[in-house]
Each structure stands twice: as C-alpha cells, then as structure tokens.
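Trainee: Below are the chains, spelled out letter by letter.
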Amino acid sequence: MPLEPRLVPPPTKGVSSAAKVLDDWYVACESTALGSKPLAVTFLGTPIAVFRRADGTPAAVLDRCPHRNVPLSMGKVRGPNIECGYHGWQFDGDGRCKAIPGLCGEVDKGTGRNVPAFATREHDGWVWVYATPDVTPERDPYRLPLRDDDRYTTVYQALDMAGSLHATAENALDVPHTAFLHSGLFREDGERQQIDVEMRRHHDMVEAEYFGEQRPEGLLGKVLAPGGGDFEVRHVDRFILPCIAQVEYQLGEGHIIATTALTPISDYETRLFGAAEFRFPYLSARFMPTKTIVNALKPLALKVLGQDAAALKKQTRNVQRFGGEQYVSTEIDVLGPEILRLLRQAERGARRPPRERPETKRLQMLV
Amino acid sequence: MPLEPRLVPPPTKGVSSAAKVLDDWYVACESTALGSKPLAVTFLGTPIAVFRRADGTPAAVLDRCPHRNVPLSMGKVRGPNIECGYHGWQFDGDGRCKAIPGLCGEVDKGTGRNVPAFATREHDGWVWVYATPDVTPERDPYRLPLRDDDRYTTVYQALDMAGSLHATAENALDVPHTAFLHSGLFREDGERQQIDVEMRRHHDMVEAEYFGEQRPEGLLGKVLAPGGGDFEVRHVDRFILPCIAQVEYQLGEGHIIATTALTPISDYETRLFGAAEFRFPYLSARFMPTKTIVNALKPLALKVLGQDAAALKKQTRNVQRFGGEQYVSTEIDVLGPEILRLLRQAERGARRPPRERPETKRLQMLV
Amino acid sequence: MPLEPRLVPPPTKGVSSAAKVLDDWYVACESTALGSKPLAVTFLGTPIAVFRRADGTPAAVLDRCPHRNVPLSMGKVRGPNIECGYHGWQFDGDGRCKAIPGLCGEVDKGTGRNVPAFATREHDGWVWVYATPDVTPERDPYRLPLRDDDRYTTVYQALDMAGSLHATAENALDVPHTAFLHSGLFREDGERQQIDVEMRRHHDMVEAEYFGEQRPEGLLGKVLAPGGGDFEVRHVDRFILPCIAQVEYQLGEGHIIATTALTPISDYETRLFGAAEFRFPYLSARFMPTKTIVNALKPLALKVLGQDAAALKKQTRNVQRFGGEQYVSTEIDVLGPEILRLLRQAERGARRPPRERPETKRLQMLV
Numbered sequence: 346m347p348l349e350p351r352l353v354p355p356p357t358k359g360v361s362s363a364a365k366v367l368d369d370w371y372v373a374c375e376s377t378a379l380g381s382k383p384l385a386v387t388f389l390g391t392p393i394a395v396f397r398r399a400d401g402t403p404a405a406v407l408d409r410c411p412h413r414n415v416p417l418s419m420g421k422v423r424g425p426n427i428e429c430g431y432h433g434w435q436f437d438g439d440g441r442c443k444a445i446p447g448l449c450g451e452v453d454k455g456t457g458r459n460v461p462a463f464a465t466r467e468h469d470g471w472v473w474v475y476a477t478p479d480v481t482p483e484r485d486p487y488r489l490p491l492r493d494d495d496r497y498t499t500v501y502q503a504l505d506m507a508g509s510l511h512a513t514a515e516n517a518l519d520v521p522h523t524a525f526l527h528s529g530l531f532r533e534d535g536e537r538q539q540i541d542v543e544m545r546r547h548h549d550m551v552e553a554e555y556f557g558e559q560r561p562e563g564l565l566g567k568v569l570a571p572g573g574g575d576f577e578v579r580h581v582d583r584f585i586l587p588c589i590a591q592v593e594y595q596l597g598e599g600h601i602i603a604t605t606a607l608t609p610i611s612d613y614e615t616r617l618f619g620a621a622e623f624r625f626p627y628l629s630a631r632f633m634p635t636k637t638i639v640n641a642l643k644p645l646a647l648k649v650l651g652q653d654a655a656a657l658k659k660q661t662r663n664v665q666r667f668g669g670e671q672y673v674s675t676e677i678d679v680l681g682p683e684i685l686r687l688l689r690q691a692e693r694g695a696r697r698p699p700r701e702r703p704e705t706k707r708l709q710m711l712v
Numbered sequence: 346m347p348l349e350p351r352l353v354p355p356p357t358k359g360v361s362s363a364a365k366v367l368d369d370w371y372v373a374c375e376s377t378a379l380g381s382k383p384l385a386v387t388f389l390g391t392p393i394a395v396f397r398r399a400d401g402t403p404a405a406v407l408d409r410c411p412h413r414n415v416p417l418s419m420g421k422v423r424g425p426n427i428e429c430g431y432h433g434w435q436f437d438g439d440g441r442c443k444a445i446p447g448l449c450g451e452v453d454k455g456t457g458r459n460v461p462a463f464a465t466r467e468h469d470g471w472v473w474v475y476a477t478p479d480v481t482p483e484r485d486p487y488r489l490p491l492r493d494d495d496r497y498t499t500v501y502q503a504l505d506m507a508g509s510l511h512a513t514a515e516n517a518l519d520v521p522h523t524a525f526l527h528s529g530l531f532r533e534d535g536e537r538q539q540i541d542v543e544m545r546r547h548h549d550m551v552e553a554e555y556f557g558e559q560r561p562e563g564l565l566g567k568v569l570a571p572g573g574g575d576f577e578v579r580h581v582d583r584f585i586l587p588c589i590a591q592v593e594y595q596l597g598e599g600h601i602i603a604t605t606a607l608t609p610i611s612d613y614e615t616r617l618f619g620a621a622e623f624r625f626p627y628l629s630a631r632f633m634p635t636k637t638i639v640n641a642l643k644p645l646a647l648k649v650l651g652q653d654a655a656a657l658k659k660q661t662r663n664v665q666r667f668g669g670e671q672y673v674s675t676e677i678d679v680l681g682p683e684i685l686r687l688l689r690q691a692e693r694g695a696r697r698p699p700r701e702r703p704e705t706k707r708l709q710m711l712v
Numbered sequence: 346m347p348l349e350p351r352l353v354p355p356p357t358k359g360v361s362s363a364a365k366v367l368d369d370w371y372v373a374c375e376s377t378a379l380g381s382k383p384l385a386v387t388f389l390g391t392p393i394a395v396f397r398r399a400d401g402t403p404a405a406v407l408d409r410c411p412h413r414n415v416p417l418s419m420g421k422v423r424g425p426n427i428e429c430g431y432h433g434w435q436f437d438g439d440g441r442c443k444a445i446p447g448l449c450g451e452v453d454k455g456t457g458r459n460v461p462a463f464a465t466r467e468h469d470g471w472v473w474v475y476a477t478p479d480v481t482p483e484r485d486p487y488r489l490p491l492r493d494d495d496r497y498t499t500v501y502q503a504l505d506m507a508g509s510l511h512a513t514a515e516n517a518l519d520v521p522h523t524a525f526l527h528s529g530l531f532r533e534d535g536e537r538q539q540i541d542v543e544m545r546r547h548h549d550m551v552e553a554e555y556f557g558e559q560r561p562e563g564l565l566g567k568v569l570a571p572g573g574g575d576f577e578v579r580h581v582d583r584f585i586l587p588c589i590a591q592v593e594y595q596l597g598e599g600h601i602i603a604t605t606a607l608t609p610i611s612d613y614e615t616r617l618f619g620a621a622e623f624r625f626p627y628l629s630a631r632f633m634p635t636k637t638i639v640n641a642l643k644p645l646a647l648k649v650l651g652q653d654a655a656a657l658k659k660q661t662r663n664v665q666r667f668g669g670e671q672y673v674s675t676e677i678d679v680l681g682p683e684i685l686r687l688l689r690q691a692e693r694g695a696r697r698p699p700r701e702r703p704e705t706k707r708l709q710m711l712v
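Residue numbers (our numbering), protein chains in the order written: chain A, 346 to 712; chain B, 346 to 712; chain C, 346 to 712.
Quick caveat, the hints were computed from the structure, so don't treat them as lab data.
Please note that a few of the clues may not be correct.
Where chains are identical, the list cannot tell them apart; a pair therefore holds if satisfied intra-copy or between any two copies.
[As the list claims (entries may be wrong)] Derived pair list, reagent style DSS-like, types lysine-lysine, alpha-carbon separation capped at 27 Å:
no. : residue 1 : residue 2
1   : LYS421    : LYS382
2   : LYS706    : LYS648
3   : LYS443    : LYS421
4   : LYS382    : LYS706
5   : LYS421    : LYS706
With the sequences and hints as input, model every part of the structure.
Mentor: What follows is the structure, encoded as structure tokens:
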C-alpha cells in the first residue's frame with residue numbers, strides 16, 4: 346500500500362446531519378396517492394408497504410414477505426389483508442399471517458410468520474406512519490394549524506429533495522440564501538436593510554421571528570399586500586420535531602402558512618410533502634377567487650422549490666464526495682444549528698420536557 | 346456518530362443462499378454460441394475466457410492476461426492459442442505462454458507467464474467448464490437423460506435470472522407459487538385438492554414426487570394428455586449437485602424432462618441454460634409433428650420464465666436492500682431448504698458418500 | 346458465513362499502480378478552456394475550483410464552500426473573488442473569505458471561514474495547479490521544450506483515459522503494443538527486425554532511446570521522411586516526474602516532440618493534455634504548409650489515441666474486477682516498471698537528488 350499523501354488535509358469523514366429519529370411520525374404519502382394498490386415507501390432506509398384496506402383505513406407493514414422476502418408492496422390488497430404476489434401469503438394490518446395457500450396445517454401459529462407492522466393515521470390530506478414497528482406510539486402526528494378554518498384554502502405538493510432531512514429543513518427556513526439562489530424571484534441582492542431577529546427555543550420546536558421586514562418583493566408581496574402600502578409584516582419560520590418546517594407570513598389580512606412535512610427516505614434523500622394554507626381576503630373579495638391566485642402563484646413556488654432542490658443536490662453530492670459535512674456557521678444561520686440540536690437530542694432519546702417559556706436570543710441581519 | 350436507533354429490529358446481514366461450489370462443472374455456453382471469437386463468461390465472480398481452438402475443441406483460461414491484465418476474451422484465437430489484443434501474448438488451452446512478440450529471449454520459461462486454465466467438456470449441446478483452474482476434475486459433467494433416445498426432441502433456451510443459484514433452483518422446482526405468480530397459465534387459485542408428496546434425499550440429489558395430481562391445467566395439460574381423460578400423472582422435481590434443476594412430467598405416453606443447468610455468475614446472478622426433452626406420440630402421430638407442438642408451447646414457456654425472472658429480481662433486490670435473506674419456511678417448501686443443505690455441504694467440501702436407498706419424507710399439499 | 350472456496354487462487358487485492366504524488370504540479374486545463382466561469386477539476390479525488398480573476402490571472406481553491414459545502418465551481422467570479430451560488434460567500438485567490446452577505450459583523454476574522462487555496466501557473470497554453478493547498482511550491486511546472494522556437498508549430502488535444510496515471514504513461518511510451526493494438530496504422534506485425542534500446546535513469550526522469558529503427562510505417566513515416574530514403578531515425582521516449590510522457594522522433598530535418606501532461610483525476614481516471622510540437626521543413630517548403638500537414642495527421646493521431654483509450658479501459662475494468670493489478674513484465678517492458686519506481690519514490694517523499702550521469706541499461710527488442 347502506498348503511504349498516504351502528507352500534505353493534503355484529510356477528507357471529512359462520517360460527519361453527517363442525517364439523524365435517525367424513529368420513535369415518531371412521518372408522512373408516508375398524500376391521501377389521494379393511496380388507492381387500491383399497495384404503495385412502497387421508505388423511512389431512513391426501512392422499506393414499508395402502505396395499503397388501504399377494503400374498509401378505507403390505511404395500514405403499513407415491513408415491505409418484505411417473511412416467507413421468501415419479496416416486497417409485499419408488489420402484491421395486492423385482499424379485504425383487510427395484503428397478499429404477497431409470489432406465493433399468496435396474506436397479512437393483516439397488524440402484521441399477522443392470515444393465509445398460506447397450499448398449506449394443510451394451521452396458518453396463524455406463533456409469531457414467526459408475522460411481519461412487523463407500523464401504526465398509521467390519516468388526517469389533513471396525508472397518511473402518517475410511525476417509523477418504529479410493533480409499538481403503540483406515545484404521541485400523535487402533527488396537524489395542520491388552519492385546516493378546520495374554512496376561510497383558508499389549502500394546496501398540496503410533494504417533491505423529492507436530494508438532501509438530508511436537516512439540510513432540507515434548514516434550506517426551507519433559511520433567509521440569507523434567498524437573495525442569491527432565488528435572485529430576482531424573492532429578495533434582491535441590492536440595497537440591504539438591517540432587521541431584528543428573535544430566535545425562540547421550545548422543547549420540541551425552534552422558531553425565528555423577523556421584525557421590521559419590508560413587504561416581500563415580487564409576486565408574493567403583491568398578492569399578500571396588494572396595495573403595496575405600509576403593512577406590518579409578520580414572518581415566522583419554524584421547525585417542529587421530527588419533520589415539520591413551516592414558514593408563516595402575515596401582511597394585514599393576507600396570511601399564508603406553508604408547512605412542509607419532511608420524510609427521510611435515506612440519509613441523503615428526503616421526500617417533501619408541502620401544504621400551503623392561504624387567505625387573501627382583500628384580493629379574493631375584489632378581484633379573483635383564492636384558487637385563481639393560488640394557481641397563479643404555483644409556477645413561482647415550483648421554480649423556487651426547483652432552485653432549492655438543485656442547490657441541495659449539489660450540496661449533497663459534494664458532501665458525499667468529501668465523505669461528510671464540514672460546516673462553518675455564523676449567527677445569521679439562525680435555525681440550521683438549532684434544528685440539528687433538536688434532531689440529535691431526539692435521536693439519542695433525550696427530548697427535553699415541555700417548558701413554560703422558550704429560551705430567546707436576538708440578533709441582527711441584513712436583508 | 347449518532348447512536349443507532351433503539352426500536353427498529355436490526356436489518357438482516359450476511360445471511361445469503363449464495364453458495365460457492367467450485368470443485369464442479371457448470372455450463373459456460375451453448376455449443377452454438379462458441380464460434381471463432383473467444384467468449385467471456387463468469388463463474389461466481391471469476392472471469393473466464395472460453396475459446397474454440399482451430400481443431401474445434403473448447404478451452405478455457407482465466408480472463409486476464411498475466412502481462413498487463415487485459416481480458417484475453419477481447420483478443421483472438423490463433424490456431425491452438427488465444428492471443429491478447431494489447432501486446433499479442435499467446436496462451437494455449439493449458440494456459441502456457443506460447444508467444445511474446447518483440448521479446449528476443451525464450452518465451453516459455455517457468456510458469457510465471459502462464460495463465461490459470463480450466464478443464465472443459467462439450468456434449469449434449471453445451472460447453473461445460475470446471476470452476477477450479479489447474480486441477481484434473483474428479484467427476485464428469487451432468488448428461489441429459491434422453492439425449493440419445495431419438496424418439497425425443499430437444500429444444501434449448503438460455504436466460505439470465507437475477508437471483509442466487511439457490512433462489513433460481515427453488516423457484517424452478519417450487520409448486521405452490523404457480524397458482525399465484527403464473528395465475529391462469531398453469532394452475533388456478535380456485536378449488537383446491539389435497540395431494541401427497543414424497544421427498545427423497547439422495548447423496549448428491551433431492552427430488553419430490555407428487556401423487557394424485559390432476560392433469561395440469563391449460564395448454565401444457567392439453568398437449569401432454571390431449572384426450573383429457575383419466576391419465577395417471579407422474580410429476581417429479583429434482584435438484585442434482587451442483588447446478589441441475591429438473592422437472593419431469595409423464596401422462597400416458599406424453600413425456601417431458603425439462604432440465605435447467607444453472608451457472609452462478611455472481612452471488613445474485615444466475616445464467617439459466619434450459620433443455621427440454623419432449624415426446625408426444627399420441628399428438629405427433631395423429632395431428633402434428635413434435636416440432637410444431639414445441640413451437641406452439643414456446644411462448645407459454647417464455648411467459649412463465651419471464652414471470653419467474655421478474656419475481657426473482659424483486660426478491661433479490663429486496664434481499665440486497667435488507668442486507669441478506671431471512672426466510673420462513675413451511676413444510677410445503679419441499680425442496681428449497683434441501684437444495685440449500687446440499688449446496689452448503691458441497692461448499693464445505695463435505696459431500697455425502699453414495700447410499701443405497703434415499704431418506705424419504707411424506708407430506709400433504711393443497712394444489 | 347460459508348467457507349471460502351478452497352481451490353481457486355485468491356483474487357489480487359490492493360495492488361495498484363495509482364500513485365498519489367501531491368507535492369507537484371499538474372495541468373488543470375488548457376488556457377483556452379478557462380473563461381469567465383469557474384471550472385471544476387479533480388486531482389486524485391480532491392475537487393478543485395479553478396477560476397480566472399478579473400485581471401486575467403488564474404486561481405484555484407478547494408471546491409467546497411466552508412459554509413454549507415456547496416461546490417464553489419458552481420458559483421460566479423466577482424472581480425478577484427469566487428462567489429458561492431448558495432449564500433453568496435466570496436473567497437479570493439488565497440482562499441480568504443471576503444464577503445458574507447447578510448452578516449452584520451466582521452467577515453474576514455480568523456481562518457475558520459477560509460477555503461484551502463492551490464498555487465497556480467499559466468504558460469505554454471496550459472493552466473497548472475499545485476496539488477497540495479496552502480503551501481509555497483518548491484519547484485516549477487514543466488515547460489514545453491520547443492515552445493519558444495518559432496520554426497515549430499504546436500497543436501493541443503485533451504482526452505480522458507480510463508486508466509491510472511501509470512498505466513496511461515506506460516501505454517503512451519510502450520513500443521511493443523503498437524504492432525497489435527494499432528495494427529496497420531503504425532507498425533506491422535510482420536517481418537521483424539532486431540534493434541538496440543538504451544534505457545537511461547535520471548533522478549526525476551527515465552528515457553529509452555531506440556537505435557537502428559527503420560522509418561516508421563504509414564502516414565507518420567511518410568510525413569517525417571517523405572523521400573523514404575536512408576535517414577537515421579532518432580526516437581526517444583521519456584517520462585518526467587510527476588506527469589510528463591513524451592515521445593520524440595527525428596528523421597533528418599523532420600522533428601516531432603509529442604508531450605502529454607497526465608492529470609490523475611482519481612486512482613483509475615487520467616486526463617491527458619497533449620501538445621505536439623512539429624517541424625517538417627522539407628515538406629513545408631516544397632508542398633504544403635505545416636498546418637495542413639498537421640490537420641492531415643490529426644485523424645490518425647486521434648484513431649491511435651482512441652485505440653489506446655479503449656485498451657486502457659479494458660485493462661482498468663479488469664484490474665478493478667480482480668481487485669488489483671498483477672503484472673508480469675519482461676525486459677521489453679522498458680519504461681513501465683521504471684515509471685512506477687519514480688512515482689513510488691515521489692509518493693513516499695523520497696525523490697533522488699540530481700546526479701551527473703544517468704544509470705544506463707542496454708537491451709534488444711524485435712520491432
């Protein structure tokens with residue numbers, strides 16, 4: 346073996362933001378995506394077969410038939426069961442083996458023929474799956490905050506991001522990149538103005554509120570505050586364990602909460618399930634229905650998401666090329682390091698107990 | 346490094362049915378596939394160059410020129426030798442270096458310039474290669490049972506299967522999957538009937554005989570027993586070390602032996618060389634020649650093989666995703682576990698001596 | 346785990362000609378390839394962003410923004426700096442952080458925000474980069490020998506070779522393969538003639554001179570010695586540390602020095618930068634300008650390079666398949682083993698001091 350070169354700094358190895366928080370819920374799919382055929386999803390490398398039973402309720406089992414290890418997601422739904430396509434073994438939503446065609450003896454004996462099963466929930470347009478099998482979850486999945494308020498319209502969008510859950514969440518909640526990556530769409534990299542930021546650490550959540558921010562540039566600003574006048578902007582970015590990244594904008598009566606539920610497919614692949622809850626009473630009353638506005642905004646939103654997806658992919662490819670992450674942060678990387686801290690605590694099983702008041706920290710930023 | 350998640354069962358690792366039986370013969374290619382150009386084949390990851398010498402006999406050497414490691418299969422045959430395409434070194438069928446163009450000194454000195462050579466045989470339409478180089482084989486390759494009986498017609502077909510030799514052999518000899526995977530083609534998953542099975546363990550072979558089976562459904566049944574009457578069905582499935590999976594059907598005078606010689610390319614890739622020996626005296630005499638019947642059956646056989654290939658691929662991909670196999674068997678998995686036992690014994694160099702009578706085991710199955 | 350097979354020779358592992366000589370210069374790109382956009386290059390697996398500053402001088406930094414690890418080569422040049430496309434951080438040619446948009450505090454504090462920087466040089470049509478960052482190189486890059494002699498015409502060509510730097514250099518300087526790999530183009534594998542070879546080992550270079558060689562066959566011979574007469578052929582092949590493979594032909598007044606600078610991208614990928622310096626006074630004066638001759642020769646040269654590239658690819662794929670190299674050499678492999686010796690010494694930091702006279706060795710070869 347040749348000696349290692351002496352002069353080059355060693356490559357980064359094993360430093361990864363990929364966190365394995367498995368005692369919690371993730372979105373498996375949009376409700377509309379789960380029809381009569383089973384669906385294959387993956388949580389942090391664990392393949393899961395999600396299916397909709399004949400009674401309409403979702404169920405989820407490990408995506409491997411215990412018999413010959415074929416993916417159950419390639420089989421069929423039979424009443425309350427999922428049936429393997431190779432030999433026809435059937436399993437119910439609790440993972441119990443219910444049929445072995447050809448076998449003369451008893452089918453459901455012991456647990457050796459069962460398959461691990463995952464708890465499921467369905468609400469607010471998404472099917473949630475608990476990432477650890479064969480346990481009763483202690484907590485409930487996240488609920489969209491405005492889903493029951495019928496003044497709001499909700500639109501959904503799913504997208505695959507080539508980044509860790511952490512990198513994807515940081516990107517979704519990061520302000521400074523917008524002037525560069527989304528140059529011209531969102532914020533301009535021109536005249537800058539100093540604003541105040543308050544970062545608040547809760548036990549299972551971290552949020553940053555931006556004070557003194559101008560109306561957003563571009564189409565978004567025009568929609569939220571059509572008069573262009575002297576509205577007070579309320580802008581909060583949040584991360585909620587284990588997977589919610591949320592951006593909230595309020596200008597006068599205009600209000601958007603854009604929630605993304607991030608499902609970690611593998612260490613460096615994240616499926617993003619977006620739900621934007623909108624209300625534009627001024628515009629809607631005077632000019633056009635909310636749906637029309639939302640449709641007009643969608644190409645812009647998809648362009649922004651596409652630029653973010655491209656940047657995450659470049660970042661991830663480079664991180665993998667170097668064998669790990671080696672980040673340098675400054676104080677304007679407000680939420681990224683905090684999100685990682687929350688994920689690491691949860692991964693170690695060391696979530697903090699709820700507390701009455703968050704820890705707060707204030708800083709300045711040029712936007 | 347983050348802690349490992351605490352609640353998820355550990356993935357299966359290192360459990361594999363891939364057996365490395367190297368002191369035996371495998372089919373390298375069909376005789377018709379070996380012309381004047383060398384052919385590259387792989388046995389359990391070992392690249393081998395097979396070539397047909399000018400006198401028509403096959404030869405096989407390690408597919409790596411000892412000089413600069415270029416594959417010899419990319420060169421040419423020169424009389425009794427294979428010639429490397431990079432610098433023109435030549436090797437005979439025993440692997441001895443016979444030419445080094447440009448060299449003034451002696452070519453064939455010592456063994457350092459030789460290439461490992463593999464024993465070869467050619468009969469019954471196939472070229473066989475012994476998987477260990479530079480040894481004199483103790484045994485002979487398998488011979489097709491009816492090849493010299495001219496009442497039979499033989500057809501050949503080669504196909505790549507994305508599975509271990511074991512998974513491919515089990516699939517070829519497994520009865521219960523046919524009602525599901527080949528639903529409608531072979532057996533129906535409808536009214537089932539209980540039959541008796543006798544499994545017989547020989548020293549280098551295992552076979553299962555099915556008693557009381559009805560005439561096969563579909564085209565195959567019609568061909569074997571055109572009258573549809575009350576024929577006694579004889580059906581035996583066999584595995585013979587190291588690589589033969591054989592299905593035999595007899596209904597009256599109709600008789601098929603379908604032999605597949607399985608060549609393990611790598612742990613999870615197997616090349617299947619099929620030879621079906623047929624005799625349909627009733628049909629052939631009255632309606633049409635055997636060749637016509639065989640041609641009519643071929644699309645059906647290829648469809649069944651294609652479904653098997655697809656199932657093996659799904660199984661193998663899933664096994665690799667989980668890091669290994671984790672099978673649960675029942676008594677109707679008659680031959681699979683027995684085949685693995687034979688392969689494991691042979692791999693350890695612990696083949697059993699021949700015995701007078703096989704061990705037998707009887708069981709029931711619904712078909 | 347199954348036992349390892351007992352009879353097959355163990356595969357070669359870990360024997361590799363890939364040498365990591367990092368305290369030296371390599372060509373990053375042709376000068377014409379470096380415009381206003383940064384360029385991503387890789388030296389032995391280390392990604393480097395090369396850019397041309399506003400003043401025209403080249404600079405090179407590690408291709409990873411220290412902030413969020415996105416490749417800097419995907420950003421833009423801003424005056425003397427390179428700017429990351431994600432958050433707009435800027436770095437000068439010495440790797441110092443010069444801008445962090447949005448940050449209120451001081452940017453250039455300490456070295457934590459800097460990026461490793463690589464020394465650069467530009468001359469003779471190539472941009473050179475020193476492979477170790479943040480050091481002042483002790484030596485200078487290689488210079489083309491005839492670049493300042495205006496009787497010569499120089500043409501450039503870059504090409505990727507799927508081989509280690511060593512395999513690519515040996516191929517470029519190897520005589521015996523030409524009769525086989527380039528059969529019909531260069532040398533014929535027909536009547537052979539014995540010639541003398543003198544191999545000379547210098548401290549940082551090795552060369553082989555061929556005496557008694559006939560005029561090269563084919564187009565090259567016709568161009569170098571159009572009369573076909575009794576010219577004395579001077580033919581020298583050279584390797585100069587760390588990356589120069591050079592072939593020199595002189596027949597009468599015709600003279601070519603074909604220099605290839607080999608940049609090791611990874612262990613088994615090498616980018617070849619070729620520069621051929623030509624002079625054909627006889628032909629140029631009587632029949633056609635040098636440029637016309639060069640253009641006529643280019644398709645031949647590209648065909649030869651293409652055959653070499655294909656052979657290297659086959660060799661490399663096979664070496665990787667077997668897990669390493671296992672070469673057998675004879676005395677007519679004149680330069681290959683010597684080049685490896687030089688590379689290994691340099692890799693260990695054990696280059697020899699200059700000496701007055703080279704060690705010489707004489708041998709015979711049939712060409």
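Trainee: Each hint needs a verdict: does it hold in this structure or not?
Mentor: Against the structure, the hints come out as follows:
{"no.": "1", "hint": "LYS421 <-> LYS382", "in the structure": "within (6 Å within a copy, 48 Å between copies)"}
{"no.": "2", "hint": "LYS706 <-> LYS648", "in the structure": "neither (33 Å within a copy, 67 Å between copies)"}
{"no.": "3", "hint": "LYS443 <-> LYS421", "in the structure": "within (14 Å within a copy, 60 Å between copies)"}
{"no.": "4", "hint": "LYS382 <-> LYS706", "in the structure": "neither (49 Å within a copy, 40 Å between copies)"}
{"no.": "5", "hint": "LYS421 <-> LYS706", "in the structure": "neither (53 Å within a copy, 34 Å between copies)"}
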